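The whole structure should be built from the sequences, with the hints applied where relevant.
Numbering (numbering that gives the first Met the number 0), first residue to last: 0 to 260.
For the record, the hints were derived by calculation from the structure and aren't laboratory data.
Quick caveat, the model's predicted, so the values are computed rather than measured.
Be aware that one or more of the hints could be misleading.
Using 30 Å as the maximum straight-line C-alpha spacing, the simulated DSS-like pairs for lysine-lysine come out as follows [what the hints assert, rightly or not]:
#	residue 1	residue 2
1	Lys131	Lys44
2	Lys228	Lys165
3	Lys117	Lys45
4	Lys131	Lys45
5	Lys165	Lys222
6	Lys117	Lys44
7	Lys222	Lys154
Each pair of labels, with its calculated beta carbon distance range [as the list claims (entries may be wrong)]:
#	residue 1	residue 2	range
8	Thr167	Phe108	36 to 46 Å
9	Lys228	Phe178	15 to 25 Å
10	Val210	Phe178	16 to 26 Å
11	Phe178	Glu9	37 to 47 Å
12	Ser207	Trp254	17 to 27 Å
13	Leu4	Ser136	37 to 47 Å
14	Ser129	Asn15	44 to 54 Å
Don't be surprised by glycine CBs; every beta carbon is placed ideally from N, CA and C.
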Amino acid sequence: MFYYLYYLSEKFSPLNVFQYITFRGGGAIFTALLISIIFGPYFIKKLKMLKIEQVIRSDGPQTHFAKSGTPTMGGLVILISLVISTFLWARFDNRFIWILIFSSVYLGFLGFMDDYLKLVKKHSVGLSASKKIIYISILGLIIAAYNFYNPPNPKYITSVNVPYLKETFLNLGILYIFFSYFIVIGSSNAVNLTDGLDGLAVGSIIFSGLVYVVFAYVAGNVKFSSYLKVISVSGAGEICIFLTAMIGACLGFLWFNCHPA
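What follows is the structure in structure tokens.
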């Protein structure tokens, strides 16, 4: 939303900074961090009042029993901070932003249902692994099919770039849909596999997010993508706004979660 202040720069030149991804990325991480830190304590306090707490498996490590009572559903703090910050700093006419927001809300709702079932059933199973795979698969296929039939770069509809090698591509054809599908499945479950009660998920998201910020910025910048021999994707740089907002939200959540986790 703040991006559109750029159009007023002719009347007030300092507003020109809102066109730059680097400036808006910094604003996104700060905004998400601030929202998470300010509203996090109230949200966590409310969860404790409602006794929405993590149930520890009886066969789990002994060290985890001391963590019984740690509030769950804290991911909602991250999701809310992420979505608000992204809407404030990203461009509304960017397709990638809407795909990422949709995916985040979809997976956030899935996580909410998982925690809800854990609390109702009073055990740590929640949604079964098979159901999670099915629901995430639906999301993966939707995104893959959308990108296949509405490619961001028509010249490379089904091609995968081999980084740093000039004009070296793998043309996957129709298999591109399944390739994209497995990327979504693998990425979402990679976080789950490192999660638990140890704060590892947030840490892995922050560091992997920083790497993707670099990738997105390079792909969205014509000069950098040409120099580094990667496919130039128009609008990809805007993904940096979403990623920096995600990092800020995770840092804010980690501020409160590091001790109980």
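Quick rundown of the hints versus the structure:
no. : hint                        : in the structure
1   : Lys131 / Lys44              : holds (29 Å)
2   : Lys228 / Lys165             : holds (5 Å)
3   : Lys117 / Lys45              : holds (18 Å)
4   : Lys131 / Lys45              : holds (27 Å)
5   : Lys165 / Lys222             : holds (14 Å)
6   : Lys117 / Lys44              : holds (20 Å)
7   : Lys222 / Lys154             : holds (18 Å)
8   : Thr167 / Phe108: 36 to 46 Å : holds (40 Å)
9   : Lys228 / Phe178: 15 to 25 Å : holds (20 Å)
10  : Val210 / Phe178: 16 to 26 Å : holds (20 Å)
11  : Phe178 / Glu9: 37 to 47 Å   : holds (45 Å)
12  : Ser207 / Trp254: 17 to 27 Å : holds (19 Å)
13  : Leu4 / Ser136: 37 to 47 Å   : holds (40 Å)
14  : Ser129 / Asn15: 44 to 54 Å  : holds (52 Å)
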